Amino acid sequence: LNNYKTIVTGGSSGIGKAIVGSFMQEGAKVVVIDKDSNANEEQNSNSNCLFLKADVTNSDDIHIAAKEAVKWLGGLDTLVNNAGFGLPGKLLETSEPNWQKMLAVNLTGPFLVSQILMPYLIQSKGSIVMMASVAGMVGIKERTAYCATKGGLISLMRSIALDYVGEGVRCNAI
4 LNNYKTIVTG GSSGIGKAIV GSFMQEGAKV VVIDKDSNAN EEQNSNSNCL FLKADVTNSD
64 DIHIAAKEAV KWLGGLDTLV NNAGFGLPGK LLETSEPNWQ KMLAVNLTGP FLVSQILMPY
124 LIQSKGSIVM MASVAGMVGI KERTAYCATK GGLISLMRSI ALDYVGEGVR CNAI
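Each residue of the sequence shown is one higher than the last, beginning at 4 in my numbering.
The hints are simulated quantities; they were obtained by calculation from the structure and are not laboratory data. The structure displayed is predicted, hence computed values, not measured ones. Careful, some of the hints might be misleading.
Straight-line alpha carbon distances no greater than 20 Å define the calculated SDA-like cross-link-like pairs of lysine to any residue that follow [to be verified]: (1) Lys93 x Val141; (2) Lys74 x Ile119; (3) Lys38 x Leu55; (4) Lys144 x Thr97; (5) Lys128 x Gly171; (6) Lys56 x Lys74; (7) Lys104 x Leu94; (8) Lys70 x Ser130; (9) Lys70 x Asp58.
Whenever a hint applies, use it, and build me the whole structure from the sequences.
Here is the structure:
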């Protein structure tokens, strides 16, 4: 993946950090977009990685980060929509604020980031990877909001894949 141009949301910890590390190990240039300003030292010290602080639920943040990221990368080959989280709770235990927060991060965030970066992906015939969950397909106990948002993410992925296959853009979910 030498000089492959990648953006990873939620890339400063957990699965996102591992994704970023794998891309960098293969020689890709990576921009990490994360609201957590404590990006790890490995990312900050690597000349093939740039950290940008932005909230995926805020379109103004994403517009600014997208412009800076694409300029630094010199284009865009792939977007990994990884930012997300889950909170436990059955339907009657899930507060409206927690529902709204998970919906914003897990579903609206990937929508906004994909929408804002799609023109660059069309140009490069690039790809989008959505970090979904089996919970979005079969459901799991006591995770009502998480399952709903991941199910929505899988449907968003399918819709983007169908709408942009003619433009040469691939969209998949893991």
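Tested hints:
1. Only pairs whose Cα atoms come within 20 Å are accepted, and Lys93 paired with Val141 is accepted, the gap being roughly 15 Å.
2. This hinted pair checks out: Lys74 and Ile119 have alpha carbons roughly 14 Å apart, not beyond 20 Å.
3. Note on Lys38 and Leu55: the hinted pairing holds, with a Cα-Cα distance of about 8 Å set against a maximum of 20 Å.
4. Of the supplied pair hints, the one linking Lys144 and Thr97 holds, its CA atoms being roughly 13 Å apart against a limit of 20 Å.
5. Between Lys128 and Gly171 the CA atoms are separated by roughly 5 Å; this keeps the pair inside 20 Å, and the hint holds.
6. For the given pair, Lys56 sits about 16 Å from Lys74 by alpha-carbon distance, which is consistent with the 20 Å threshold.
7. Taken as a hint, the Lys104 and Leu94 pair is honoured in the structure, with Cα atoms around 15 Å apart against an allowance of 20 Å.
8. Our distance criterion of 20 Å between C-alpha atoms is met by Lys70 and Ser130, whose separation comes to about 18 Å.
9. With a C-alpha separation of about 15 Å, the suggested pairing of Lys70 with Asp58 holds against the 20 Å cut-off.
Of the hints listed earlier, there is not a single one the structure fails to meet.
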